[in-house]
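*Asks:* Could you put the whole structure together from the sequences, leaning on the hints where they help?
Protein chains: 2
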Amino acid sequence: MARTLAVLAFAVHALAQLKGRGFPDCNSGRLKGNDVCDQSRDAVTRAKALIAEFTLAEKLNNTGSTSPGVPGLVPAYTWWNEALHGVADSPGVKFSDTGDFRYATSFPQPILMGAAFDDELIKDVASVISTEARAFNNFDRAGLDFWTPNINPFKDPRWGRGQETPGEDPFHLSSYVHSLIQGLQGDDAKYRKVTATCKHFAGYDMEDWNGNLRYQFDAHITQQELVEYYLPSFRSCARDSDVGAFMCTYNALNGVPTCANTWLLQDVLRDHWNWTSPDYWVTSDCDSIQNVYSPHGYTDTREEAVAVSLKAGTDIDCGTYYQSHLPGALEQGLIDESDLDKSLIRQYTSLIRMGYFDGDAVPYRSLTFENVSTPYAQQLAYRAAVEGITLLKNDGTLPLSIGNGTRIALIGDWANATDQMLGNYKGIPPYFHGPLYAAQQTGAEVHYTRGPGGLGDPTTDSWNAIWTAANQSDIIIFIGGIDNSVELEGKDRTVAAWAAPQLDVIEQLASSGKPTIVVQMGAGQLDDTPLLKDDNVNAILWGGYPGQDGGQAIFDIIRGVVAPAGRLPVTQYPANYLQKIPMSDMELRSNATSGSPGRTYIWYEDEPILPFAHGLHYTNFTAEVQKSASPSSYANNSYDVSSLVKDCPESYMDRCPFQTFSVDVANTGSVTSDYIALGFLAGTHGPAPHPNKRLVAYERLHNITGGSTATAALNLTLGSLARVDDKGNTVLYPGDYALLVDVQPLTTVNFTLTGEAYTLDHWPQPPEARFQDTDYFVGGYGSGAPYQIQVPVDA
Amino acid sequence: MARTLAVLAFAVHALAQLKGRGFPDCNSGRLKGNDVCDQSRDAVTRAKALIAEFTLAEKLNNTGSTSPGVPGLVPAYTWWNEALHGVADSPGVKFSDTGDFRYATSFPQPILMGAAFDDELIKDVASVISTEARAFNNFDRAGLDFWTPNINPFKDPRWGRGQETPGEDPFHLSSYVHSLIQGLQGDDAKYRKVTATCKHFAGYDMEDWNGNLRYQFDAHITQQELVEYYLPSFRSCARDSDVGAFMCTYNALNGVPTCANTWLLQDVLRDHWNWTSPDYWVTSDCDSIQNVYSPHGYTDTREEAVAVSLKAGTDIDCGTYYQSHLPGALEQGLIDESDLDKSLIRQYTSLIRMGYFDGDAVPYRSLTFENVSTPYAQQLAYRAAVEGITLLKNDGTLPLSIGNGTRIALIGDWANATDQMLGNYKGIPPYFHGPLYAAQQTGAEVHYTRGPGGLGDPTTDSWNAIWTAANQSDIIIFIGGIDNSVELEGKDRTVAAWAAPQLDVIEQLASSGKPTIVVQMGAGQLDDTPLLKDDNVNAILWGGYPGQDGGQAIFDIIRGVVAPAGRLPVTQYPANYLQKIPMSDMELRSNATSGSPGRTYIWYEDEPILPFAHGLHYTNFTAEVQKSASPSSYANNSYDVSSLVKDCPESYMDRCPFQTFSVDVANTGSVTSDYIALGFLAGTHGPAPHPNKRLVAYERLHNITGGSTATAALNLTLGSLARVDDKGNTVLYPGDYALLVDVQPLTTVNFTLTGEAYTLDHWPQPPEARFQDTDYFVGGYGSGAPYQIQVPVDA
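One line per chain: the protein sequences are A and B, in this order.
Here full-length UniProt numbering is used: position 212 in the first sequence is 212, and no number is missing along the way.
Here full-length UniProt numbering is used: position 317 in the second sequence is 317, and no number is missing along the way.
Keep in mind that the hints are not guaranteed to be accurate.
[As the list claims (entries may be wrong)] Taking lysine-lysine pairs in the BS3-like style, the calculated list, with each CA pair at most 25 Å apart, reads:
hint	chain 1	residue 1	chain 2	residue 2
1	B	Lys491	A	Lys491
2	A	Lys727	A	Lys646
3	A	Lys190	A	Lys48
4	B	Lys491	A	Lys580
5	B	Lys123	B	Lys48
6	B	Lys580	A	Lys580
7	A	Lys59	A	Lys48
8	A	Lys627	A	Lys646
9	B	Lys580	A	Lys491
10	A	Lys311	A	Lys59
11	A	Lys627	A	Lys693
12	A	Lys48	A	Lys311
[To be verified] Distance windows between CB atoms, simulated:
hint	chain 1	residue 1	chain 2	residue 2	range
13	A	Gln441	B	Gly328	54 to 62 Å
14	B	Gly707	A	Glu489	56 to 64 Å
15	A	Tyr431	B	Phe139	42 to 50 Å
16	A	Gly22	B	Thr374	54 to 62 Å
17	B	Arg102	A	Gly72	49 to 57 Å
[To be verified] Just a sample of chain B residues kept apart from chain A, beta carbon distances all over 12 Å, derived:
hint	residue
18	Ser65
19	Asp100
20	His220
21	Ile221
22	Lys311
23	Glu331
24	Pro399
25	Phe432
26	Ala499
27	Pro611
28	Ala623
29	Ala710
30	Ala757
31	Trp763
Quick caveat, the hints were computed from the structure, so don't treat them as lab data.
Every residue gets a Cβ at the ideal spot worked out from N, C-alpha and C, and that includes glycine.
*Replies:* Structure (structure tokens):
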């Protein structure tokens, strides 16, 4: 007897929906007179009034990322919009083929903006993005919510999506994302500019490591490392930055898929971090709800998978699994209508908060294409690239005079980059100012050739042209490394060495004796050892994915039009580091049993090739910490824990101020330059093992002229000093502390804390988990038994 | 002081050369009167006469795959032509955009043709390919040599190029390749039709396994397993099939890059296998000569790398490294002019043997586009697909009546396949008869939808359309699995499980209760466990990459127009097999220390999901071995080793006949069907451990009607019985032997050998190797210490 398969009442194809989307009509039809259109009422009341008009079937159908809305009542809405480093192609965003809205500003990838260590810059960039997003929305070319930022810490150089993040340090990410959200969500008291979405919550930083697919991976993370490393950026989003949305992940966390994880989505996110505004919502990653059923196999039926996810607090399913299987779940009594209502109220309250129903009353409704790609936005995209580009090696050859009469060989697979400069989650920029373009603007005679088959493929066919270009030139600039062909969503790297053919060519070029500059592109670091050791290679710049004006930024730094001051936002490990630690190993601390040498500059126990925050200048700096009685400066060298906590006015004690260290930075050279004052904390305090050091404060100082001094304020809170215990509690410990200014410290301040340890934050404990192994969807060799997929056993 | 980089005298871009290529002109200019044009002389004399006209610079420039020739003397020639399963796109092959030569016949990938176990078919296919290749050559659209076959045994299901091979069994490959070369090279006594190239010699079967790139991998293989498994197909090419060319590999073999490996290219290939005809040549893989220098780091300088490779016997460099660095090697005295001459004489002797200088005297010169894609060729491409397609499961549902009035849901990412059916190294076929096309030809009402985001990406967006199609149909045919997006040159698989979304969709479709057929496509096997266990899934077919008429072949089998008789040419392992053995582990035998369960059906110690040579029919067969006194049939059950070897007339004793077993095969059902008689040898003889069994003979019987009997001849030689010792010697051992007919044996013959062991072949021993580790280019985690790159230490 043939059974009929459940088919949705509405077709939900993203593209089809875009056409009929439009804005709600409060002036006629069914909405006229509905309280959702009454701007004097509070947002929740308004949302409830709208939902009251939905039939049960309509509620079920509006649980996916492509919401069909209700014909005649409320338009379709596409929740999936992207804007990682500019308004970006995605189901909800539609660039025009001609005329207005055919482009938007394309900033550098976050990994390069992270290298700027400039929170004000990030807020400015995010403000431009949200302005352009609103302009797109006003002309029905984008939604109001955007699934950005990606704020998982970039702890493993293999990660294909590391480019989307500001780097490996949790404090840096927390600070960066706070500014970013301010810029995206705006500061209008009534209307949120756009809704940002902090993703991916949590423990997601692997695509496909040797068959360990993100869809099935179970991240095993201790509470200690979860709180101290994997979650701070998300806490910053939820507790400290009023972010409007979260996204749960493909992976499971300690046995439970995150989208079905009540502890994570309720106990931690909503309860502990007080992320309780009625307009806050959680979306699944696309289609992580399907993954809850398979390959995770977390539930026996599809209906249980959707029910447990909805009840855990995943409000929107990116995909169709909710729409397909919530009807069955309802029929089986696994959910009831109020579960649907809760989620729908969150969705519409969010839209109401952005003025979706308020027409021209919303100030952002006046934005048009005139506000897109303005001269200011273009200059900001250029400046973001300049601020991030990092000088890794220089024997004094840089800056180089390049202009009329100079003959440059411009060589490599990035030398004529266009789209490549954008990385992933990209839109369409107004122009591509790549290296070749920028070189030609200098008036120099440019001999360009593509690279030596760059990224692992040893094709020598093009090499003859390379030698010819080099022989015709006085200066050799090689622009290569890696790009989205080897690091991308769905694709983790497997090698951290430079491709042998690139090294072979660079070595031959450099042996010519001509000034040779290497520009290393891409997000994941390559082991630069052969280039650092080769005296014929005069300088190395790292350029990440520098966006629409990336070539100009690179050339302006090479020529000394601007001085470099970026810092590596990640550690550069030796190539054989990848041999020593499975990508699936989430542990940060070194481990004698597994042989792991530890992860990130905080815990890595060996010498890196280049350390986190490495970056050279065209001048020299000294630094000194002011010691004075003034409250804004460092005064003591011993503090009593109980005194520190006694006067704490904050409900979240880690946010209480400890001390501001004012650092006088002197430019002792002659070249005007930015300088990033970085404060690292080291010392023996709290539970062993003790980290090497950890970043606790930074400030970028701008345009310090030769011979002059500028002052940075490194603000430390009690949270800066605290450590995390094995239960995940945040504790202020007595012990020795040292504040180091810069990577190779220019100055150090030592102080001690005395008295009894004090718990600043009591961490909600997860339910005890029991696992059983299933091995059909298991990943490839090398993940090891502890990383196999596990599903809970019924108690 | 700036040094000038060496630039080639001639630009050697493949495409540029194609234009000026043409044929040699023996009637005027410098060739007129040169002995190379004298057809009465022997080929070597002719080649030497030509080379005598070359300057030293011209010799140096003609060492690459894109030979510039000598202007005014001999035209440019492109050595790199491909024809894996039909004339294929490659530097030397140029399809026309319009008119003649815009297509050629595209046969199934070798993996599916291997499943046919039909050597006569293979010879016929190869004859068509070489005919079409000659037609292309006559109109300056292809060269005369082709870099096919890929005959490395497909031992690991992850290998991205397994599709290019006939499967995992060394006897099968040896037999297949012998027929293939006959078909390609033809049987004209004077003129070779085209030159085939056996590749990749040797130990190459990994692209990029977790950072273990083929360019840098050092395959560690014992002499025993080299001789018994990795080399038989190459021995068949060189010693037994007169193949005209070989290709060495990217990888190193036991510490020495194969293109620089004198032992392999001289001692084994040319001396031991007597591959000494003056027209035989070896090409490098593209650009494996560069790899000798880096990443292998086998030599300290580029000049040493090219010198050692040329002297080892690599005559042609696919690439430009010879052309760039042999001049320096000559200058440094690392080679002399006679080294260049030796290689050039081989190249031109080969061209002379194919009639390159003989104009219309060559019979193949009359072939035109009329001889391309003939009705016979088209029918053969269809038949090759039919013969290979393999029935893996059937509960009696197949064959299915499909025609007017039938409503079919045709679902999956292969359902409307076109180019996908060809796999890699493809040309342009005359048409694509994919599954959708074939379904529509039946007159049925076809409801087609694409798949569920197929290959690992769980995108549920298309699922609604799937349910709709299923609900509108009476029969569900799902065509999915994998394709070149997950297995390809440069890309090994990491997962052997079906993608979770495909399983989710199949399971839901099958639960409808409608007849549900799954067609599993791609070369690497997927673990079919969930489909085999699901009683709602009525049948499973495996379709590989079936070529231009693949959809028609699949549908004709589903409908019973033809009966399936293909056999899996590889083992189907459980998905978690990949967890148990690093891809870089070359050992075949199981290993308690490493935990390897062994490789291939010969050594795998666990239960496969489906065994090597598994394949069902639409009828039933019984088999019986004739026992008679006639010399062509099996007569005894005990043999004395010394008697067996005494009368051996062969110089290569493994080729001596042992016994022909005549097998009577009876079709006891009613459906006319082919049947592949497979002879496996098992038993306790020779060095422990003993293999499970090994294939020693096969014959495909055609069109056995219901109730009738046909007879297969399983010819066993002394080599069939022999084992290989730890030095690589091939030895006939006393002991117990059993000949099993078929996978689940339909009949078995037991016999014994008595007396003293006798060595049939004394294996040339390699020089002792000493290694040191270098770790810059090392691959990613999981390869383990024994698989790190190693370079020889100077003694």
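*Asks:* Determine for every hint whether it applies to the structure shown.
*Replies:* Hints versus structure:
Restraint check: the Cα-Cα separation between Lys491(B) and Lys491(A) comes to about 12 Å, which is no more than 25 Å; the hinted pair holds. Simply put, Lys727(A) and Lys646(A) have alpha-carbon atoms about 24 Å apart, close enough for the 25 Å limit, and the pair holds. The suggested pairing of Lys190(A) with Lys48(A) holds, with an alpha-carbon distance near 19 Å, which does not exceed 25 Å. Between Lys491(B) and Lys580(A), the direct Cα distance comes to roughly 23 Å. Compliance with the 25 Å bound is thereby established for this hinted pair.
Restraint check for Lys123(B) and Lys48(B): the C-alpha separation of about 34 Å exceeds 25 Å, so the hint is violated. Proximity of Lys580(B) to Lys580(A) is assessed by CA-CA distance (about 19 Å); at most 25 Å being required, the pair is judged to hold. For the given pair, Lys59(A) sits about 12 Å from Lys48(A) by alpha-carbon distance, which is consistent with the 25 Å threshold. Straight-line distance between C-alpha atoms of Lys627(A) and Lys646(A) comes to about 24 Å, which keeps the hinted pair within the 25 Å bound.
Between Lys580(B) and Lys491(A) the CA atoms are separated by roughly 23 Å; this keeps the pair inside 25 Å, and the hint holds. A C-alpha spacing of about 15 Å is found between Lys311(A) and Lys59(A), which places the hinted pair at or below 25 Å, so the restraint holds. Our distance criterion of 25 Å between C-alpha atoms is met by Lys627(A) and Lys693(A), whose separation comes to about 23 Å. Proximity of Lys48(A) to Lys311(A) is assessed by CA-CA distance (about 19 Å); at most 25 Å being required, the pair is judged to hold.
Distance hint check: the CB atoms of Gln441(A) and Gly328(B) are about 38 Å apart, inconsistent with the given range 54 to 62 Å. Checked against the given bound of 56 to 64 Å, the beta carbons of Gly707(B) and Glu489(A), roughly 59 Å apart, stay inside it. The hinted range of 42 to 50 Å is satisfied by Tyr431(A) and Phe139(B), whose Cβ atoms lie roughly 45 Å apart. A C-beta distance of roughly 59 Å is found between Gly22(A) and Thr374(B), which places it inside the suggested range of 54 to 62 Å.
Under the hint 49 to 57 Å, the C-beta atoms of Arg102(B) and Gly72(A), about 54 Å apart, fit the expected range. Listed as a non-interface residue, Ser65(B) fails to keep its Cβ farther than 12 Å from every Cβ of chain A; the least gap is roughly 9 Å. Non-interface status of Asp100(B) relative to chain A is upheld: no Cβ of that chain comes within 12 Å, the nearest being about 29 Å off. With 12 Å as the threshold on Cβ separation, the claim that His220(B) sits away from chain A holds: the shortest Cβ distance comes to roughly 17 Å.
Against chain A, the non-interface label of Ile221(B) holds: every CB pair exceeds 12 Å, the least being about 19 Å. For Lys311(B), the shortest C-beta to C-beta distance to chain A comes to about 20 Å, beyond the 12 Å cut-off, and the non-interface label holds. No Cβ of chain A comes within 12 Å of the Cβ of Glu331(B); the nearest lies about 16 Å off, and the non-interface call holds. Interface exclusion of Pro399(B) from chain A stands, the closest Cβ pair being 20 Å apart, more than 12 Å.
With 12 Å as the threshold on Cβ separation, the claim that Phe432(B) sits away from chain A holds: the shortest Cβ distance comes to roughly 27 Å. Remark: the non-interface label on Ala499(B) conflicts with the geometry, its nearest Cβ contact in chain A lying 9 Å away (cut-off 12 Å). Residue placement check: Pro611(B) keeps its beta carbon more than 12 Å from all beta carbons of chain A (closest about 19 Å). Ala623(B), annotated as away from the interface, keeps every beta carbon of chain A farther than 12 Å; the closest lies near 36 Å.
The claim that Ala710(B) lies off the interface holds: its Cβ sits roughly 41 Å from the closest Cβ of chain A, which is beyond the 12 Å cut-off. Distance check on Ala757(B): its Cβ is at least 38 Å (rounded) from any Cβ of chain A, clearing the 12 Å threshold; non-interface status holds. Distance check on Trp763(B): its Cβ is at least 31 Å (rounded) from any Cβ of chain A, clearing the 12 Å threshold; non-interface status holds.
Comparing the model with each earlier hint shows violations of hints 5, 13, 18, 26; every other hint is respected.
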